[in-house]
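Trainee: Make the full structure from the sequences, and use the hints.
Residues per chain, in single letters:
Number of protein chains: 2
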Amino acid sequence: MKGIRRLADHLDISIGTVSRALNGRPDVSEETRRRVLEAAAAMGYVPNQSGRALRKGTTSIIGFMIETGTNTGVDGDTFFLTVFDGVQTVLGRHGLDLVALLCGSEEDPDAYLRRVVGRGFVDGLIISATQRHDPRIDFLADRSIPFIALGRSLTDRGQPWYDLDFEGMAEQAVDRFVARGHRRIAVAAPASEVNLGYVLIDSYRRALARHGLPFDPALVLRSPQNQAGGYAMSRALLALEARPTAILMTGEMLSIGLYRGLIEAGVIPGRDIAVIGRDNPHARFLSPTLTSFRTSLRDLGIALAEALLATFPAYAEHYPVGTTRRLWPMTLTDGQSDLMQVPPQGALSPSLALKATKPI
Amino acid sequence: MKGIRRLADHLDISIGTVSRALNGRPDVSEETRRRVLEAAAAMGYVPNQSGRALRKGTTSIIGFMIETGTNTGVDGDTFFLTVFDGVQTVLGRHGLDLVALLCGSEEDPDAYLRRVVGRGFVDGLIISATQRHDPRIDFLADRSIPFIALGRSLTDRGQPWYDLDFEGMAEQAVDRFVARGHRRIAVAAPASEVNLGYVLIDSYRRALARHGLPFDPALVLRSPQNQAGGYAMSRALLALEARPTAILMTGEMLSIGLYRGLIEAGVIPGRDIAVIGRDNPHARFLSPTLTSFRTSLRDLGIALAEALLATFPAYAEHYPVGTTRRLWPMTLTDGQSDLMQVPPQGALSPSLALKATKPI
DNA sequence: ACTGGTTCCGTAAACGTTTACGATGCTATA
DNA sequence: TATAGCATCGTAAACGTTTACGGAACCAGT
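Chains as they are written, first to last, in our numbering: chain A, 1 to 360; chain B, 1001 to 1360.
What the hints contain is simulated information worked out from the structure, not anything from laboratory work.
Yeah, the Cβ is synthetic: ideal placement off N, Cα and C, and Gly gets one too.
Just to be clear, a hint being listed does not mean it is correct.
[Claimed, not checked] Here are a few chain B residues that face chain A, going by a calculated C-beta distance under 7 Å:
1. 1050
2. 1085
3. 1098
4. 1102
5. 1106
6. 1119
7. 1281
[Stated by the list, open to error] Below 27 Å or equal to it, Euclidean Cα-Cα: the simulated DSS-like pairs (lysine-lysine) are:
8. B:1056 with A:56
9. A:56 with B:1002
10. B:1002 with B:1056
Mentor: In structure tokens form, the structure reads like this:
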């Protein structure tokens, strides 16, 4: 004998009453409710997930889909573990559980999603690393599965989303660079089809235009969003004909590899080139200290969870119903890596002048 | 109409036949099987997880339990994402799915495990960060849930495990240090009750004894296993009365913070102190290059999954049944950080001699 | 024509819950 | 006393699958 029946037999009452007692239904006496709760705790009873889900049509599980393997761009991540923690604290308050749905590097993300959602495995979803055009959004919207995206997409089905504020980052960074006299400002963009790359370049382009600076495609450096990418980027940067005097790194890990490459070449951030990057626990240990955009990823997780719950009618009392689409602010924190000043008006340093006039 | 019934009605056959066709049962004609599979694909049918699990008593889901939040010791993790990927590739071959069970920083890990396992949520489990005494092992063994531990524990219920080979690490590192003349060798150990700390210190102690060196408790430095911990450790190290000339860092992230702290103090790894650490994508960008223990975490994930499946009688054909308990080898890879030589026999450098004779 | 065997398929029970419904006993009121 | 209302509980159906069982149809051999 197992499950709720064991409990019922032990207490000599019906399984219906046990269930009502456990679920806080009103039509059960306080006396029996007490006995049931006591016995349940004593016998370590936990309702079977499948039985409950089958009957209720709801699983109380929220999935956070991420891709494993190191080819995803984001390697080395406090990122997800921290966001998870924020999401979990909100969901836990409502008896919901968070699990990470791990799409292996050998499986197609769209097929994976279809499989796991088709199974009726989760009540809601958080998807991340949204692509410029993302079939997952269409799929989830078609099935009207509650979900929220961490990242915007051109695929717009009215879904809620949060996204890091790349507009703000590009704007503030370019403003600061220009104020220090920089005119050749590079930007690091992801090599994949992830949408944030496009958003970033657009924002960067508009920020340049606002200052009357030309857009030079050669200054958009593409690479995987990890340290190795940052290292490769330093090489690409130093090899450019007309070397930029400033660079904005929006990938979390990029700056670490970039520093390594620059310093190896004798180019000191903050002195020979201005760098602004993204903060993370690793970047805190860079030297010279990195001028960086910071934010609380745990709070982002909390916001994500609340916005997701707001799409459930059942939680309308706690979270005002509605779809939130919001840029997640990052604050620019001073470091040493952007302190370089560019002398006004064509007074280029000899080495740069040399580079600039090199034939072809 | 939903689920298998919709499919059956559409094809004008019974749901039993549909189920048999989909599950590859022999007693269904090839013709109808073809029709069923075609229709299933066309209509995007995926069997409901709850219904199937309820009937079969098995979920085809393996859980990998980790703790979120940054206070867990391991922050900054390629680690888990890489191991996940290895596990996933093996499980995927057998139609099993891996999900990460995220225990929030606000919930007790033991209670979390009881809850999620009691629900019958998973067929098997991988637990990590095993404690010196770990109630989770007793719980899982009592319920005879198939599981494997990433990490040893004094709680021995005959469970299979893999663990990083800290014996080998301590032995090789101490050997190398001693060969270069070091006699005061420090070791970094985690501050928590996680078992690897005890294993590590034991191994370190034995390795010292083998060379006739005394064990000095002051040389065992405890800290959280992250960069901040490494940074703090550099301070503690430099503040020691009799400063060690070598240090072994077994935490993945420690070396990064340690480097920062040492270099700030003008102490160059490999020149002024010998350092051996653990490799990871971030440590690849340290300068001077880190002499480090390396391994393939993806292969570790594969091994974990195979050893877990070996405990399922159902997979006896693929994986020889039996419980494997094995140390996962790490190979020592040369870098510059351990190149420092200590002059033989009491010929201490002035500064070190000064430190050693300082009163109290 | 009868038997036995094979192939294919439908029927129905079962998994562990939740919950609508009805039954029972009690109290209060007329 | 009869009735209505209430509190409490048991009964049974339902959720979507899988699978043991049996039945129908067919063929081969006697």
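Trainee: Now, for every hint given, state plainly whether the structure supports it.
Mentor: Now the hints, each set against the structure:
The criterion of a C-beta within 7 Å of any C-beta in chain A is met by residue 1050 of chain B, whose closest approach is roughly 4 Å, and the hint holds. This hint holds: residue 1085 of chain B has a C-beta 4 Å from the nearest C-beta of chain A, less than the 7 Å allowed. Using the Cβ-Cβ criterion of 7 Å, the hint placing residue 1098 of chain B at the interface with chain A is satisfied: the shortest such distance is roughly 5 Å. Hint status for residue 1102 of chain B: holds, given a least beta-carbon distance of 5 Å to chain A, under 7 Å.
Below 7 Å, beta-carbon pairs count as interface contacts, and residue 1106 of chain B has one with chain A at about 6 Å; its hint therefore holds. For residue 1119 of chain B, the interface hint holds, the least distance from its beta-carbon to any beta-carbon of chain A being 4 Å, beneath 7 Å. Interface restraint check: residue 1281 of chain B against chain A, minimum CB-CB distance 5 Å, threshold 7 Å, status holds. As the CA atoms of residue 1056 of chain B and residue 56 of chain A are separated by approximately 19 Å, the hinted pair is consistent with the 27 Å bound.
Proposed proximity of residue 56 of chain A and residue 1002 of chain B is supported: the alpha carbons are some 15 Å apart, at most 27 Å. At roughly 20 Å between alpha-carbon atoms, residue 1002 of chain B and residue 1056 of chain B fall within 27 Å of each other, so this suggested pair holds.
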